[in-house]
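Trainee: With the sequences and hints as input, model every part of the structure.
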Amino acid sequence: MRFDVIYLPPWVGLLALFLLCLLVCALVLEHYRERSRGRAAELKALALLKQWLSPAQLAQYNIHGHFEVTGCHSGKRYRIRQTPQMNVDELDERGARTVTWCFGPEGKLPIGDVMLAQKIALENDEQAALAVANRGNPHQTTLRFA
Amino acid sequence: MAKQIVMDATGDTRHEFDPADAAAVAEALARFKALTGAGFTAAVRRGAGTSELIRDFDPAAEETVFFSRLRGG
Numbered sequence: 004m005r006f007d008v009i010y011l012p013p014w015v016g017l018l019a020l021f022l023l024c025l026l027v028c029a030l031v032l033e034h035y036r037e038r039s040r041g042r043a044a045e046l047k048a049l050a051l052l053k054q055w056l057s058p059a060q061l062a063q064y065n066i067h068g069h070f071e072v073t074g075c076h077s078g079k080r081y082r083i084r085q086t087p088q089m090n091v092d093e094l095d096e097r098g099a100r101t102v103t104w105c106f107g108p109e110g111k112l113p114i115g116d117v118m119l120a121q122k123i124a125l126e127n128d129e130q131a132a133l134a135v136a137n138r139g140n141p142h143q144t145t146l147r148f149a
Numbered sequence: 059m060a061k062q063i064v065m066d067a068t069g070d071t072r073h074e075f076d077p078a079d080a081a082a083v084a085e086a087l088a089r090f091k092a093l094t095g096a097g098f099t100a101a102v103r104r105g106a107g108t109s110e111l112i113r114d115f116d117p118a119a120e121e122t123v124f125f126s127r128l129r130g131g
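These protein sequence lines are chains C and A, in that order.
Count along the first sequence from 1, then add 3; that gives the number in our numbering.
Count along the second sequence from 1, then add 58; that gives the number in our numbering.
If you're looking for bench data, these hints aren't it; they were derived computationally from the structure.
Calculated lysine-lysine pairs in the DSBU-like style (CA-CA distance at most 35 Å, straight line): (1) C/LYS111 x C/LYS79; (2) A/LYS91 x A/LYS61; (3) A/LYS91 x C/LYS79; (4) A/LYS61 x C/LYS79; (5) C/LYS111 x A/LYS61; (6) A/LYS91 x C/LYS53.
Mentor: Right, dumping it as structure tokens:
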């Protein structure tokens with residue numbers, strides 16, 4: 004087998020290098036733009052959530068990063084945590100977690116929007132919310148709460 | 059001004075309208091019907107921390123939030 008070596012003028016290599024640099028710069032720029040957009044969405048959603056919380060829930064959220072709601076049908080208390088999944092804890096009378104629930108609106112939404120939708124659903128139509136929710140093992144996570 | 063807030067990937071999209079403006083109210087009603095028809099839930103803020111789900115358009119509601127159909131995560 005025989006290979007032919009093709010010699011290219013030096014400017015071709017420089018042009019390829021330049022284009023590669025341009026591509027890398029565009030990718031890095033787009034990555035940071037996307038991150039910035041995501042951060043802005045998170046902040047906007049959290050601001051909306053705070054407007055809809057009761058004073059007691061807002062105080063809880065500001066201190067602990069979670070808040071409690073009361074289910075409209077059962078009267079049970081639920082803790083809504085600021086985590087993307089399995090973030091709704093059903094609590095017993097001592098405040099201990101008995102069940103963890105996972106549900107939220109369809110689509111890709113910032114966590115603040117998800118938490119607000121969960122609050123509205125549990126406070127106004129608890130049974131419908133739990134009917135679609137996935138039930139998790141309350142002992143699966145190792146989070147601690149104040 | 060009344061406000062319709064539709065949750066989306068940007069946080070939300072807001073539509074403000076004057077409840078005294080018949081054309082604006084008609085537009086808001088059409089938006090309400092389109093969203094709820096597509097499975098969105100509509101809730102209005104009633105007081106400090108309290109809300110109510112609505113199935114019919116309420117032109118007097120100051121703030122209505124819409125979120126897409128709930129599903130298990």
